[in-house]
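**Q** Take the given structure of chain Y and dock chain X to it, following the hints.
Chains as they are written, first to last, in the working numbering: chain Y, 376 to 629; chain X, 376 to 629.
Worth flagging that the hints you see were computed from the coordinates, not collected in a lab. Any given hint could be a false lead.
The calculated DMTMM-like cross-link candidates involving lysine to aspartate or glutamate, where the alpha carbons are at most 25 Å apart (straight line), are [as the list claims (entries may be wrong)]:
| id | chain 1 | residue 1 | chain 2 | residue 2 |
| --- | --- | --- | --- | --- |
| 1 | X | K548 | Y | D416 |
| 2 | X | K539 | Y | D561 |
| 3 | Y | K403 | Y | D432 |
| 4 | Y | K609 | X | D529 |
| 5 | Y | K539 | X | D563 |
| 6 | X | K539 | Y | D480 |
| 7 | X | K593 | X | D393 |
| 8 | Y | K539 | X | D529 |
| 9 | X | K609 | X | D485 |
| 10 | Y | K593 | X | D563 |
| 11 | Y | K539 | X | D561 |
| 12 | Y | K548 | Y | D563 |
| 13 | X | K593 | X | D561 |
| 14 | Y | K451 | Y | E511 |
| 15 | X | K609 | Y | D563 |
| 16 | Y | K451 | Y | E508 |
| 17 | X | K593 | X | D480 |
| 18 | X | K539 | Y | E511 |
| 19 | X | K451 | X | D407 |
| 20 | Y | K539 | Y | D529 |
2 protein chains.
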Amino acid sequence: MDLVDLDAMAESHPGLADLDDAALARLKLMVDGAQEVVGLDHLISVLAGGPSMAGDDVIRCYVGFEPSGTAHIGWKVLALRLRNLLDAQANVMVFLADWHAWVNDKFGGDMASIQTTARYMEDTFRALLGHPEEGEGPGQLRFLWASTVMSDGDYWARVLRCSKGMTLAQVRKTFSIMGRDEASSDNDLSRFYYPAMQAADIGHMHIDLAIGGMDQRKAHMYMRDVSQRWGWRKATCLHTPIISALTASGGRME
Amino acid sequence: MDLVDLDAMAESHPGLADLDDAALARLKLMVDGAQEVVGLDHLISVLAGGPSMAGDDVIRCYVGFEPSGTAHIGWKVLALRLRNLLDAQANVMVFLADWHAWVNDKFGGDMASIQTTARYMEDTFRALLGHPEEGEGPGQLRFLWASTVMSDGDYWARVLRCSKGMTLAQVRKTFSIMGRDEASSDNDLSRFYYPAMQAADIGHMHIDLAIGGMDQRKAHMYMRDVSQRWGWRKATCLHTPIISALTASGGRME
Numbered sequence: 376m377d378l379v380d381l382d383a384m385a386e387s388h389p390g391l392a393d394l395d396d397a398a399l400a401r402l403k404l405m406v407d408g409a410q411e412v413v414g415l416d417h418l419i420s421v422l423a424g425g426p427s428m429a430g431d432d433v434i435r436c437y438v439g440f441e442p443s444g445t446a447h448i449g450w451k452v453l454a455l456r457l458r459n460l461l462d463a464q465a466n467v468m469v470f471l472a473d474w475h476a477w478v479n480d481k482f483g484g485d486m487a488s489i490q491t492t493a494r495y496m497e498d499t500f501r502a503l504l505g506h507p508e509e510g511e512g513p514g515q516l517r518f519l520w521a522s523t524v525m526s527d528g529d530y531w532a533r534v535l536r537c538s539k540g541m542t543l544a545q546v547r548k549t550f551s552i553m554g555r556d557e558a559s560s561d562n563d564l565s566r567f568y569y570p571a572m573q574a575a576d577i578g579h580m581h582i583d584l585a586i587g588g589m590d591q592r593k594a595h596m597y598m599r600d601v602s603q604r605w606g607w608r609k610a611t612c613l614h615t616p617i618i619s620a621l622t623a624s625g626g627r628m629e
Numbered sequence: 376m377d378l379v380d381l382d383a384m385a386e387s388h389p390g391l392a393d394l395d396d397a398a399l400a401r402l403k404l405m406v407d408g409a410q411e412v413v414g415l416d417h418l419i420s421v422l423a424g425g426p427s428m429a430g431d432d433v434i435r436c437y438v439g440f441e442p443s444g445t446a447h448i449g450w451k452v453l454a455l456r457l458r459n460l461l462d463a464q465a466n467v468m469v470f471l472a473d474w475h476a477w478v479n480d481k482f483g484g485d486m487a488s489i490q491t492t493a494r495y496m497e498d499t500f501r502a503l504l505g506h507p508e509e510g511e512g513p514g515q516l517r518f519l520w521a522s523t524v525m526s527d528g529d530y531w532a533r534v535l536r537c538s539k540g541m542t543l544a545q546v547r548k549t550f551s552i553m554g555r556d557e558a559s560s561d562n563d564l565s566r567f568y569y570p571a572m573q574a575a576d577i578g579h580m581h582i583d584l585a586i587g588g589m590d591q592r593k594a595h596m597y598m599r600d601v602s603q604r605w606g607w608r609k610a611t612c613l614h615t616p617i618i619s620a621l622t623a624s625g626g627r628m629e
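This is chain Y alone, in the form it adopts within the complex (with noise of 0.2 Å):
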């Protein structure tokens, strides 16, 4: 497997010219051994001097997780990276999906087993990550509900949006996020909202850079086909591999 190295990158990513040293040290940090990066030209134009999605200099990274299970190696491998990245004085932000486990049928639907989860996954985070500094600011980490993103309105018209023309197949193409086939849920409406739900976060927090699994690439690929639709900028996307359970044989672990 080819990890990613940006100085591999200086063809296919003219715009690396530009950059200082320091500001390529620090994307060396936030990208290389990850398995992929996708449309890496904007964490580039960020640190070359322009906007950040929220307007700022502040870069956003963020990683999703339905509060399901107990701590496992790969959250193990996701600390590592979130490391690098405070190290590279990004903003990390770990969002707890607790609505996104409840459209999945975590915890059979029960929001409380899933929130009391979600505080348990927040202490476990902070104790991977060694402790930072927490909050807004770069080189900070936050912790961030979903619950308490949706509670605002504007993210549901987001969701709309990024669920206006596009196709129950390609939706379907997206169920491997949530651990399921694509043949799993002409059941059950509420999870065809799920990537929608993902690429709305994705925007609505003004995240510059997208982590996950290799197991997410799909829900990050159909954020940028909504945002190309709405001539939305699209976040770069990161993903780290699977490590798969022990006990089981390939497929991702909950």
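**A** Here is chain X on its own, set in the frame of chain Y:
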């Protein structure tokens, strides 16, 4: 076509025997002459002194319109019904479904045009109803826009609940409420949200009596189905005859 006649319903609705003459007269004014009433028992219980959906003694009625097109005879038919409801001391809401119209591609999805039309419809209904008092009390008229309701995150939590476990086939069966056929919308995910939005409208706004042409029947039955699943009380639904466009062979008018 047999129209609703309260005097003929004593046997099927024994609760009617408990109503005093004034309450019976109000109920007759509300429902007599409609093409169909579904779930009359809720209205009977409120008139007998039970709590309305909002927990008080005001009967809240609503009819929703996608802002589109110019005034036509169908509006007049509904206005006559709404006038009766005002006279029966119900609160009457005309719901301007601007986001629903957007989902349904009215005015090519141009929200500014949709909302201009919504303002025109407000004035039209004021005139059709003889400029009644406006407010939230009994015998008063009010207007509410979907975009106002949808700015509340709780609304969307309800939309998700109104989508959970509903099959795509069930959703497609309602598409006549948008004036579309079942096969029309597999290329546009957003349209699949429409019946769940309409069901959420009714619950979120504490509606006791949902009114519509017979073309809205499937949305109301969808609402009753999800209410049954979640153990929510079900609003009474009243359906007026559809008047086909003079130039078309059947079908609803826009």
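**Q** Decide, hint by hint, whether the structure agrees.
**A** Here is what the structure says about each hint:
Between K548 (chain X) and D416 (chain Y), the direct Cα distance comes to roughly 45 Å. Violation of the 25 Å bound is thereby established for this hinted pair. Taking the CA atoms of K539 (chain X) and D561 (chain Y), the gap is about 11 Å. The hint holds against a cut of 25 Å. Taken as a hint, the K403 (chain Y) and D432 (chain Y) pair is honoured in the structure, with Cα atoms around 18 Å apart against an allowance of 25 Å. Our distance criterion of 25 Å between C-alpha atoms is broken by K609 (chain Y) and D529 (chain X), whose separation comes to about 29 Å.
Taking the CA atoms of K539 (chain Y) and D563 (chain X), the gap is near 6 Å; set against the 25 Å cutoff, the hint holds. Distance check on the hinted pair: K539 (chain X) and D480 (chain Y) sit about 9 Å apart at the alpha-carbon level, within 25 Å; holds. At roughly 31 Å between alpha-carbon atoms, K593 (chain X) and D393 (chain X) are farther apart than 25 Å, so this suggested pair is violated. Distance hint between K539 (chain Y) and D529 (chain X) is fulfilled; the C-alpha atoms sit about 22 Å from each other, no more than 25 Å.
Distance restraint check for K609 (chain X) and D485 (chain X): the Cα-Cα separation of roughly 34 Å exceeds the 25 Å cut-off, and the hinted pair is therefore not satisfied. A hinted pair counts as satisfied when its Cα atoms are at most 25 Å apart, and K593 (chain Y) with D563 (chain X) qualifies at roughly 18 Å. This hinted pair checks out: K539 (chain Y) and D561 (chain X) have alpha carbons roughly 11 Å apart, not beyond 25 Å. Of the pairs offered as hints, the one joining K548 (chain Y) and D563 (chain Y) holds, with about 15 Å between alpha carbons and a cut-off of 25 Å not exceeded.
This hinted pair checks out: K593 (chain X) and D561 (chain X) have alpha carbons roughly 19 Å apart, not beyond 25 Å. Between K451 (chain Y) and E511 (chain Y) the CA atoms are separated by roughly 23 Å; this keeps the pair inside 25 Å, and the hint holds. For the hint pairing K609 (chain X) with D563 (chain Y), the CA-to-CA distance comes to about 22 Å; that is within 25 Å, so the pair holds. Between the alpha carbons of K451 (chain Y) and E508 (chain Y) the distance comes to roughly 19 Å, so the proposed pair stays at or under 25 Å and holds.
Taken as a hint, the K593 (chain X) and D480 (chain X) pair is honoured in the structure, with Cα atoms around 20 Å apart against an allowance of 25 Å. Between K539 (chain X) and E511 (chain Y) the alpha-carbon distance is near 34 Å, which puts this suggested pair outside the 25 Å criterion. The suggested pairing of K451 (chain X) with D407 (chain X) holds, with an alpha-carbon distance near 17 Å, which does not exceed 25 Å. For the hint linking K539 (chain Y) to D529 (chain Y), the alpha-carbon distance of about 15 Å falls within 25 Å, and the restraint holds.
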